[in-house]
Amino acid sequence: MRTVVCLKLIADPDIVEFDVTTEELGNIHTVLDPVDQYVLEEGLVLREKLGGEVIAVSVAPGAGDDILRDALLYGADRAIRLWHDDLRCADTWMVSQVIRESLDNIGFDLVLCGARSRDAGSALMVPALAHHLNIASATGIIDLEVGSDRKIIAHKKLTKGERETYSLELPAVLGIEEGINEPRYVAPFSRIYREGLRKKVEFLEVDITGLKGRQLVQNLRFTQFRPRVKVGIDISALSMQEKLKMMRGELGREKEELFEGSPEEAARKVLDKLREALK
Amino acid sequence: MLPEVWSFLEIENGDLHDNACKMAAEARRAARIFNIAACGVIFGPCSSGALEELKWYGLHKIYLFPGEPPFSPEIIARSIHSATERLNPQFILFENNPSGSEVAARVAASLERGLISVCVEFESEDGEPLARKAVYEGKAHAVCSWAAPPPYLATIDSSALEDVKEKGRTEPEIVHEEVESGECLTGLLRKWEVGLSELDLSEARIVIGVGKGVGAEFMEAIDRLARSIKGVIGGSRIAVYNGLIPLERQVGTTGKWLNSDVYIAIGISGAPQHVMGIKEVKNIIAINLTKEAPIFRYAKLGIIGDLYEVVPELINLIEASSEEKP
Amino acid sequence: MSPVSLAYWGIPGYVIFWVLSVAAVSLFLWRAYRLWRYLRLGSGWGGSIRLPGRLLTALFHVVAQWCQFKTLSRRDLSGLGHVLMAWGFFIFAIYYLLFIIIGAGFGISETIKNNSFFYYYSWVMDIAAPLVVLAALWGIIRRYIVRPPRLKGEQNIEALVILITVLIHPLTHLFKEAANIALGELPAGLGSSLPVISSALSQLFTGSTLSSVQNAGTGFFWAHWVVVLFVLVYIAYSRYLHIIAAPFNVFLSPPRPLGALKPVDFKATEAFGAASVTDFTRKQLLESYSCVICGRCQDACPAYATGKPLNPKKVVQDVKEHLLQVGPALLAKKPEAPATNPGRALAGEVVSLDEIWACTTCGACVESCPVCNDQVGMIMELRRRLVYEGIYDKGHKKALKRVAQDFNPWGIRWNNRAKNTGIEEARAGEKYDCIYWLGCVAAFDERVREVAQATSKILRAAGLNFAMLGAKEKCCGDFVRRLGDEGLFQELALENIRTLEELDFDFILTHCPHCFNTIKSEYPQFGGNFKVVHHTQLILDLLNEGKIRLQESSQKSGEKVIYHDPCYLARYNDISKEPRQILGKFFDKTVEFPRNHNNSFCCGGGGGNAWKEQEIGDKISVTRLEEAMKADPQILATACPFCFLMFQEALQIKGNEDGIILRDIAEIVERFLC
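Chains as they are written, first to last, in our numbering: chain A, 1 to 279; chain B, 1001 to 1326; chain C, 2001 to 2674.
Hint data in this document are derived by calculation from the structure and do not stem from the laboratory.
Just so it is clear, the structure is predicted and the values come from calculations on it, not from any experiment.
Don't be surprised by glycine CBs; every beta carbon is placed ideally from N, CA and C.
Computed footprint of chain B on chain C, listed as stretches where at least three residues anywhere in the stretch have a Cβ under 8 Å from a Cβ of chain B:
| hint | region |
| --- | --- |
| 1 | 2442 to 2449 |
| 2 | 2604 to 2614 |
| 3 | 2652 to 2663 |
Distance condition first, Cα-Cα at most 20 Å in a straight line; then the derived SDA-like pairs of lysine to any residue:
| hint | chain 1 | residue 1 | chain 2 | residue 2 |
| --- | --- | --- | --- | --- |
| 4 | C | LYS2070 | C | ARG2054 |
| 5 | C | LYS2314 | C | GLY2348 |
| 6 | B | LYS1291 | A | GLU257 |
| 7 | B | LYS1139 | C | ILE2412 |
| 8 | B | LYS1139 | A | VAL20 |
| 9 | B | LYS1300 | A | SER262 |
| 10 | B | LYS1139 | B | VAL1120 |
| 11 | B | LYS1212 | C | GLU2657 |
| 12 | B | LYS1291 | C | GLU2657 |
| 13 | C | LYS2474 | A | VAL31 |
| 14 | B | LYS1256 | A | ARG184 |
| 15 | A | LYS151 | B | LEU1189 |
Input sequences plus hints: build the corresponding full structure.
Laid out in structure tokens, this is it:
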């Protein structure tokens, strides 16, 4: 079975800094989107169960070679980088078309992506690819069974511990949720790593003239974070202190309380707090 | 005819589910910002009680798609797609949860229209609609625009939602639409809940943590408490060592890091290695006998008392309470 | 008349003597040669030897039996038994060579014996023989009746045969001499006093006929010689092999086996770690030959003591057994053919995964070994192999993956390293007295951060200009290397060295013995040559030089403090006096653990064990804490952040009803600062 795993290069969101005066991003360390570790691992797990190939693909500038090389070192059979300089400001929709083109060349049974990326978080890639390819899709998948009969049972993670179970057939696109598996560790110069060292990252220059249409959304600029003013608060009635608290998103945060009393009263306090917390 | 903003309102067992009311309020809010009409989109049988409640949100119309749930995202998206082609809404809003975001993305893909997700705010600039979203762990806001023609699709960050009722009730027009069921590429087999004992700590809204102060015989009571509030049981390393909980339920630096809504620390002293795992929890409630226990420094509500007395009282209170627990 | 010159059933004694002797020697040589060839299956000898120094050490170990004296303790004096046996062996060996092989064998015994040397030598033999008999009896009683824990399960045939040969041959010698004395064949030369024991025994022959005494003498001669020949052959077929192997092993052992592991040259080898015995060095295989299964390492091992499957003694013996098993098959192939590993995998099957993963690398086994074996080194090679094959303990794997991504074993984002320490970040171009290397624990753990803050206060009080690396510091890689992940370790080392080389400073200060050991002993392997100081060393110097002012009170505190020696400080780097000297300045009463200084019992935190999820048996830290609690201290002091974390957890598990306060040395000193 040929599984294509789509890897995304993002600016490490924990490390990146935003300068409020210049309104510019700094300290940009490009890393693999954390969810894609689980995506690659799932591809490798499926290969162990069903045989076949795992091909890692990324639409990224030069820095993408690093994450693709890591994918090879972790055991992917091939790694392909797709790029054209005009894609620098491309949105998910454009990128999905680029990936679709490459999939036509590569051939596949299954495409795996992260359910949503850590930067944009639109969760658009999976449905977009499914739409372009006119194949089945499911996203937010926390558990997966692929049978040798090409049938898939996928469990989607909802909120509050709920699940939806879907059945679909290959070829398909699946959006992988973090926690579906335990990503492996491949030590430098271990056996798998050595095999990966013998492989090379491939590069395909994208022919963007074939891309139908421009972007569907545009990122205009970055600005300072501003918490949403909740309607239930009359701003004019707030003191300066409270206005500052609201700016920091701390308004409405009750003070910590320490209670000592009868078990009945204590239990009541706990119950009230529970109700409040779950509102 | 006023342009419309459609808001996808989720229904479960005929009643408004989760943040449906907040999404209705969101539609009204967007309607005010852009001077358009707020409408709701509902799939499935909707009880009269639900419709009554929606009268408080100033909705102009409610598009009702009848049928037997559960509906797969594919079917919902397909139905919204065809309704959109006929009725041309200007905005379509979804909550940024697993189902909403999938439907929004499917609709955006099939219509080839722009989708801005995890929005916290809408704005108007030079007559153009804009959306704000938090990026990079909330370090900044990105201001985005839709580059494609309407409908403009968006998913709303749950934390931005607010339940705002209008001053008076309005009667929305109920429009019955058709569900585009038929051949599907993906079939929804069933919707189910993970049992509390299998549920991962990171998914639970309420986690109960047991520590050194809890004896093995008391775990039955803790179990009962957990079931009554639909909470999952975790604990400190000592609890694992004492055999109260399995290793996968350990919370702390070398265990799980929680970001649940509630963490009830029972008989836990609050050692730094444990506290590391609950730093992101929104509400920490602690029950401990010692006033000096470090856990109280991190708790929103600290109960200085004997857990063997407080917990049974709590169980009684919850079980006796007639209200539905979330 | 030597029994050799008689004839037996028509066959001359010489013939019998030489046939037997040559047969035995041949058998021995043949087998020894096989063993030598198996040994040569190992990969290289691994390292060079500093000749004069090491030769003296080896002689001291062997001839003066330092190998035994160094392992003596109040609880275990059995080494003395071996001293007697070994010295007896040397004495007897000279006798055999001179007086039996040369003397009797060549029929010139009368000539050879006709001098005072032989006279005095007889006396020496006469004293040595009964001592050896006593030692043998002691050995038999101890092994088969007393059955101390160190010899648990070792009541086997081989040991019994050996002990009985040790018992019998001096006895046969004594009775042979007794018979000679009874026959009037006195040693010639000065004095008429006869060797005491033999003459006493000769009384047994009074009243016997001449011929029966002659027969007895002859009988004891031949019995004696047969036993000796048997021992010669048995050297090549039993743990007696150590007689030959151990002296060379000691000679080839580095003076400090503990400290630095050997690096892997990834450019030179495709794989790493020991898949087969052929991947061990010949020195390591020689170690397996030298092992006498004495069990001292087993006794010393904290994993074994707490019920884990690891037993260093078994690991060494497994290597030897595996070598003897696969050796013949490997030798049968052409010498140029690649070595395959018939049978079970060494790492994972012969030595099980749980055994390999239970090691804390504390080094107590190495310290305790009389023949200078490096058991930790063998385990490290097995661990490396598991890493090469991608086989991990779950907790270890998580820790390694987290270090690979965020340079600390907890996986906290690397830009959060060393926050809130209050220490200045080092800048290029500035000259510092020292760089304070925090290490992962102090950089990320709230409680241990206080140790760093206390140390900083002391440094400031002394007027030292110091700074830290901040978020640029990465895990030193100690536990990474000791889990077998040499590749990741080298990456970390090279990056840290590069960061350090951009700065200008006199020395690196650290409070963590693991970071201390790695940066000091292992970073030089990659070009990082820095002066490294442990904070207890620095603090003692500052105190002695009066560079920090303490509070006025001249009275020492009456609190009882017990100090735990961290393995990587005391055993690996011989730093155990300094912390005590510091404590001695502030406390009246310092008590010791039963095992202290170089003999310290591990806290269980080293070798990656702090990250192991599945605990088998008891917690090592709890076992050690229980020892402390018996002394009823107020303060438990240590000088290692891992020991700190381990004891912190142990106190939680045991419940700290007595309110023992856990403190690092720096925190204790800081309390007394002005």
